[in-house]
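Peer 1: Protein chains in written order, with this note's numbering: chain A, 1 to 293; chain B, 1001 to 1326.
It is worth saying that the hints were derived from the structure and are not from the lab. Some hints could be false.
Label-pair distances were calculated between CB atoms; the ranges are [stated by the list, open to error]:
1. Leu181(A) <-> Ser1175(B): 36 to 42 Å
2. Arg1276(B) <-> Gln128(A): 43 to 49 Å
3. Arg1085(B) <-> Gln128(A): 21 to 27 Å
4. Thr239(A) <-> Arg1085(B): 20 to 26 Å
Partial chain A-side listing against chain B, Cβ under 8 Å, derived [as the list claims (entries may be wrong)]:
5. Leu85
6. Leu93
7. Ala160
8. Ile272
Now the stretches of chain B that chain A is said to cover, found in silico as 3 or more residues with beta-carbon under 8 Å [stated by the list, open to error]:
9. 1092–1102
10. 1186–1193
11. 1278–1285
Quick caveat: nothing in here was measured; it's all calculated off a predicted structure. Glycine included, each C-beta is placed from N, C-alpha and C at the ideal position.
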Amino acid sequence: MFLQQLINGITLGSTYALIALGYTLIFGVLNIVNMAHGEIFMFGAFIGLILATKFNMSIFSALLGAMVAGAVLGYLMERLALRPLRRRKVSELAPLISTIGVSIFLESLALRLFGPQAQSFPSIYAAQLFEVGGLKISAVQIIILAISFGLMVALRFWLAKTRLGKSIRATAENIETANLLGVDTQKVIVLTVMLASALGGGAGVLVGLAFNAIEPTMGITMGFKGLAVLILGGLGNITGAMVGGLLLGIAEIFSVAYGVSSYRDAVAFGFIILLLFLRPQGIFGSKEQQGGR
Amino acid sequence: MEFLLNPYYMQLITFIIINAILGISIYLTLSTGQLSLGNAGFMSVGAYTSALLTLKAGVPLYAAVPLGGAAACLLAAIIGIPTTRLRGIYLAIATLGFGEVVRVIILNLKITNGALGLSSIPSMGVMLSKGIAAFGLAGGIGGISVRQLGSIAVILILALILGFLIFFALRLSSSRLGRAFAAIKADEHAAEVSGIDTRYYKLLAFFMGAFVAGIAGGLAAHITFYIGPKDFAYHRAVEILLFAVLGGSDVVWGPILGAVLLTVLPEVLRFATEYREMIYGAILVLMMAFRPQGLISESTLALWRTKLTRQPKIAGQDKVTRRTTP
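Based on the sequences and whatever the hints tell you, model everything.
Peer 2: And the structure:
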């Protein structure tokens, strides 16, 4: 029972981690919290759903399509809501407010485009169950675990080893110095936002598969959880986002399994409030505040 | 006169005033440069506390509403004490999360009646019209019925509260406290170096904002006599934020203008109700891109003042530059 719940928790947590990675990437490079990330995630889920049901695509091409759609949305958001703010010096809260605007715009757009009712993926994957040593793992869980851990490992590797990954880290470290050293920071910023949004779109499909319910309001709920993980792991910390996501997933599953299921959505922020007292910079965050933008 | 006594317009006016009070609540926290997105949460705490006190404990209305504000203030301490040590984004997210936690708790508690919400909350209008009737005016005066008199009394009381808050905010900006707030808003480090206890003042501003939001919630509960957890969700928090963003948060008139515009516009533009949220979102993005200081800022006020009084000013006299804020 305990191990079974642990596996469920890790599956859920890996999707949270994927969402939180998107937040963290953008925060690391741009030093802003992208409040529209949850809505991009929700759009990704819907696009994946439409590709899978209306166009009869396989789940993997639907995932790819959702990631592309996420990247396009990310690009549009960067052009329309973030770049105009970067041109002039504004307070750090301005981009936060601007992305809140994007978030409610996208949510109500989704309500108009896709309707308010919850929709679900065809249940061909959920039905298959594998038994490993008394534990039940569904095909969906395996897909989710494989894809999200695959994406996380790929991202880590890409950031650490490739030229583009290095320029992203350089920009995150100090945008002015990176610029002086010949990094095209404008390009890096666009790329980061698109990458983060693509991860968000992909996470949308995975969560859609896991919960089997996709609705326009899920952007807010899941976005909040991603935010919680962002704070939990420390702002802008990639390892923190991964571990924090897994922790939150496990904590939620156990809160459901052992009694307090209706408080599930409050677990995330209960965590945060507790953490803010004990270790306000997050589990993996450094004490110093990052400066500049 | 008949036109103005229409219950629809009276209700609209009460909503405008309540929203203006909420605008002041976000202005108070923003005046130290802190963005609190928990005002919807504090509002719900105020509303539920006040409603439950009157419904279950029989506390009179005039005592229950301030107690609701105090309860909101108490909860603000839980969020505020750890977060005001950190930078602004933490406060924004923690308060947003706080609102969410409060919503989930309200949704699950028995005493708050879960998703159904509380209904038949003692109404302020009914109470006042009873009072007026007891005063010997049960038949009304000059063709105005006692119910309408009650609504007028509600509007008067709300206007009085709003007037007091505006007066308070205006006095604040020229007081020692207000100057400390402005210094923190302009540059927190510089303020700290000049000997301002930034943590204390930031907390104080946060508490004041929460208290006013709690009061607004209590008033709203006793005017609409129904409250449910849905009334205080994320969208409500965004709406309150919009008051300050659209109107501006440099001067107290900003969020008030924002509140008035955003309460009246949806009524005028009925055909656009379906696109309301989209329009709100677009307003937030456009304001941040083109006029982050909001419609009214200190310089706009100064400009109008010189235009209206037409006194030639010494150049550069009023040029106190402040960092533009959302």
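Peer 1: Return the numbers of the hints above that this structure violates; sort them in rising order.
Peer 2: Structure breaks hints 1, 3, 7 and 10.
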